[in-house]
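Which chain is which? The protein sequence lines are X and G, in order.
Heads up: the first sequence at position 171 corresponds to 171 in the working numbering, and the numbers run straight through without jumps.
Heads up: the second sequence at position 153 corresponds to 153 in the working numbering, and the numbers run straight through without jumps.
If you are wondering where the hints come from, they were derived from the structure by calculation, not from laboratory data.
The structure presented is a predicted model; accordingly, all values stated were derived computationally and were not measured.
Some hints could be false.
Per the computed footprint, the stretches of chain G lying under chain X, defined by three or more beta-carbons under 8 Å from a beta-carbon of chain X, are [what the hints assert, rightly or not]:
# : stretch
1 : 57-71
2 : 247-260
Anything over 12 Å on all C-beta distances counts as not near chain G; from chain X, calculated [claimed, not checked]:
#  : residue
3  : I9
4  : L18
5  : T21
6  : W78
7  : L171
8  : T278
9  : I293
10 : L296
11 : R297
12 : A433
13 : A434
14 : G435
15 : I484
16 : A490
17 : R493
Output of the computed footprint for chain X on chain G, the stretches with three or more beta carbons under 8 Å from beta carbons of chain X [as the list claims (entries may be wrong)]:
#  : stretch
18 : 80-87
19 : 135-149
We treat Cβ as the ideally placed atom computed from N, Cα and C, and that holds for glycine.
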Amino acid sequence: MRALGPFWIAILLLPPVLALTVLPPFGQRMVVLVGIYALMGLGYQLVFGQLGALNLAQGALFGVGAYAAALAAPALGWLALSVAIVAAAVPAAIAAGPILRLQSHYFALATLALASIVNLVAIHAEAVTGGANGVSGFASALPRGSVLLAIVWACLVMGVLAYSRLFGGRLGEEARLVREAPLVAATLGIDGGRWRVAAFIAGGSLAGLSGAFAAALNGVVSPDVTGFPVMVLCLTSVVVGGSRHPMGAVLGAVLAVCLPELLRDFQGAWLLVYAAATLAVVLWAPGGLAEGIDRLRGAPLPVRPEPAVPERLLPAAGPQRLVLADVAKRFGGVEALSDVSLAIERGEIVGLIGPNGSGKTTLLNVICGLDRADSGTIKLDTAHLERLPPHAIARHGLGRSFQSNMLPGDTRSAGLARAISTHAAFLLLDEPAAGATDREREQLASLLRRLRDAGRGVVIVDHDIDLLARVCDRLICLDRGKVIAVGRPADVRANPDVRASFLGLEEAVA
Amino acid sequence: MAYALVALGFVLALNAAGAVNFAHGDLVVLGGAVAVLAGQMTGLPAPLLLPLVALVLAVAGIIAARISILPLVSRPPEATFVATIALAAIVEQGLTFGLGAAPRTAPALAGSGSFEIAGFALGRQPMAIVAIGGVLVAAVWFLLERTQTGRRMRAVSADRYMARAVGIPVGRYIMLSLALAGALAGIAGLLLGHQFLVAPTQGAGHMLKAYIAVALGGWGSVPGALLGALGIGFFETFGSVWLGDAWASAALYAGVLVVLAFRPQGLFGEPVGRRA
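Sequences and hints are given; from them, build the entire structure.
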C-alpha cells in the first residue's frame, strides 16, 4: 500500500464539494451519512483489515458514541462530540486487555457478547436511555446542516490521509507481520499486543465519533443504533469497499448509502443485494472494490520491497555475551532440553548439530522467548531473558530466523534478511540452508563470515555439517536434549559420542 | 433441549468447516419457516413434516457449504466468518422479503394440553421436544462414534490434511457434516417454532446461544456443546425468574466475557493445537 494518488484524493473530495455547491438538502444528508459510515468503517479497518481480527463490537461502540453525544449535548454543546469519543474508547480500552489475547473464534464471540450487552442496556435501562423511545431534543446543541457536513468530511479526509500515510510505510509492514506471522513479528521486536490494543482503541474512538455525528444528523437516538444490523452494515461495507485500502471504507459507505436509494422500489431487497455482493467479494476479490478499481486503472500494484541483507553490515551496539546456564525444558514426559549450558561471544559463529528431535529448535525457541524454560538462566550480559516476552528479548539485541518461510510470497532469504536488518547483536538462525542450492550455500557461508567480521554472535542450526564445519568457530552437538560435545569443528566431528548418535549412519555405510 | 439440537448442529458444522458458521442460526429460522409454509400448503401433521423439513434443510446446509465454506477452506477463518455472516444476512433478508417480518407459528408437534406424572403437570409439546431431542442426540452420537462414516467425519475435523492424505474425500465429508447440521437446525427450527414463533430476525440470537454453548462447553467437543446448551437453557429459565428476561441474557453475556477473560481456552479447555 502506498500514499493516495491524485485520482483517489479527487474522489475523496468530490462528495463534500458537490454537496456544498449543487446538491439539494436531501443529497447533502446522504453525503453526511456516507461520511459517518465511512468514518466508522475507517476505524473498523484498523482492527479488521490491518490486524485481521473479526471485531463484532464496532456497531455497539458506534451506538455508545451516539448515546453519549445525545445525553451530553444539552449540558456541553459541541463538547459532547469529544465525550462520545471517550465514551466509546473507554470500554474498548477496558475490554482490550483480556479480549485481544483470545484466538479468533473467541475474539469474535467476546466482541459479540459485549455488543449484545450494550444493546440490552440501551433497550432496558430506561432511566438513562429512554428505553425503546430513545433520546431526543438535543439536536439544537450539536452542529447541524452544512456545518455538520463540513466537520464530518473534514474528519474523514484527515482520517483517510493519515491512514494511508501511516500504513503506506513501515507501520503497514509491521501490521502485515503481526497479522500474518505473529511469531516473526515478535522475534523482530514488534509488540503485537500493544499494536492490537492501540488499533482497537483507535478504531473504537472513530466509531464513537461517527456515532455522535449520527446522533447530530438524526436528532434522535434509539436502541437501533446499537443493534447487530449496524455492525453487519459496517462489516459488509468495509469488505465490499476493501478491508485495507485507504479508500475502502469510503467506497463501501457510498454503496451502503446509495444502494437503498437506487433499489427503493424493492424495499428490503437492497440488503439482499448487499449481502450477496459481500459474499461475492469474499469469494472472488478479497481486496475489495478499491483494489479492483486500482487494477482497472492500471495503477502499478504496490511493490513490496523484498527484504534484503544490508550491503554493509555495521557494527551493532548492545550486549557482548549470551550465556545459558542449566536450561531445562520438558514437554509432557519428554525432556526436550536438560541442563544445557553454553556461552557465545560476539564475533563468534556457533553451529548447533544433532539428530532430529534432539532439541535444537527448542533451544532456539527457549532463548528467544517463544518457549519458556522450566528452569535455568538465559542472560545477555547481565540482563535476564527467561521471563521476558519475545518482542522484549528481540529489543535486547537478539534476532531469529525461522526454519520455514512464515509469510506467503517470501523467498528463502527474506526471513534471514529481516532478522539481520534488526541490527541484533546475536542471531539465531534455524536451518537457513535447508533446500538451498550449492550457490546459495556459498552465499550463505560468505554472509556468515561477514556477520562475524561485523562483530555479531551467531548460533546456526543446520544439517549441512560440511558447511557448518567450514564457517563455524565451534560446534555444539545435542542429543536427546543434552549437550554431548562442544569444541572446534574437527574435534566435535571426531568425537565418538557424536559419531555414534549423529553421524552413526555415515559410519555404518563406511 | 431444542437449544441442544441447535448447538449440536453448530458444533458439527464448526468441526467440519474449521470455522464458525454464522449462518447456522438462520438455518434454524429457515427450518421454522419451511415448517410454517409446508404446514400451510400440505396440511400434514407435524410429525410428518419433521422429515420433510430435515430434508429441505439438509439441502440448504449443502448449499451453504458449497457457497461459503468449501471455497474458503484454505483461507484464514475470518474469511469464512465474513462469508457466513453475509450468507446469514441473505437468508434473513430473503425470509423477510418472502414471508414478511411478522412472526408466524409453526405447527405443534403433539397437540396442546398436558398430563400429570407424579403430581407435575407436563406439557405435551415440551415432552415431545425432549423425546425427539434425546433420540436425535443419541443417533448423532451413534453415527459419530460407532460407524465408519462417523469416524471419517471426525478424522476430517481433526486433521483435514491428514484425512486427505489417507484417501478420505474431504470435501464430500464436509458437505455431509453440513447437511447433517442443516437437518438438525431444521428440526430445531420446527420444534422452537411452535413455542417461540418464527421471525426472520431470530437467527442471530440462536447462533449466539449455540456459539456460547460451544465456547463454554469446550471448543469442538460434542458432549461439551450439549452440556453448554443445557446449561444455558437452565440459566435462562431460572435467571429470568429472578432478573427478568433481558437482564438474564445480559448476565449470560457478561458471564461469557468473564469466563473468556480468565479462561481464554474456554471453560473446559480444548484439544491442543485445534483452532477455528
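Is the claim that I9(X) lies outside the interface with chain G correct, judged by CB distances over 12 Å?
29 Å, holds
Does the claim that W78(X) lies off the interface hold, with its Cβ farther than 12 Å from every Cβ of chain G?
33 Å, holds
Outside-interface status for G435(X) - nearest CB in chain G farther than 12 Å:
Answer for G435(X): holds, closest chain G Cβ roughly 20 Å.
Once the closest CB in chain G is found, is it more than 12 Å from R493(X)?
37 Å, holds
Taking a Cβ-to-Cβ distance below 8 Å as contact, does the stretch 135-149 of chain G have at least three residues touching chain X?
It is violated: at least three residues are needed, and the stretch 135-149 of chain G offers just 0 whose Cβ sits closer than 8 Å to chain X.
Distal placement of A434(X) relative to chain G, Cβ over 12 Å
The claim holds: A434(X) sits with its nearest Cβ about 21 Å from chain G, beyond 12 Å.
Quick one: work out the minimum CB distance from L18(X) to chain G and report holds if it exceeds 12 Å, violated otherwise.
30 Å, holds
Given that the stretch 80-87 of chain G was listed as covered by chain X, double-check it with a C-beta distance under 8 Å for 3 or more residues.
With 6 residues in contact (Cβ-Cβ under 8 Å with chain X), the coverage given for the stretch 80-87 of chain G holds.
Quick check: do three or more residues in the stretch 57-71 of chain G have a beta carbon closer than 8 Å to a beta carbon of chain X?
Answer holds; 3 residues pass the 8 Å Cβ test.
So is T278(X) really clear of chain G, every C-beta pair being over 12 Å apart?
4 Å, violated
Decide, holds or violated, for the assertion that all CB atoms of chain G are farther than 12 Å from the CB of L296(X).
23 Å, holds
Chain G versus I484(X) - minimum CB to CB distance exceeding 12 Å, so not interface:
The assertion about I484(X) holds, with a minimum of 30 Å to chain G.
In the structure shown, a violation is registered for the earlier hints numbered 8, 19, in ascending order.
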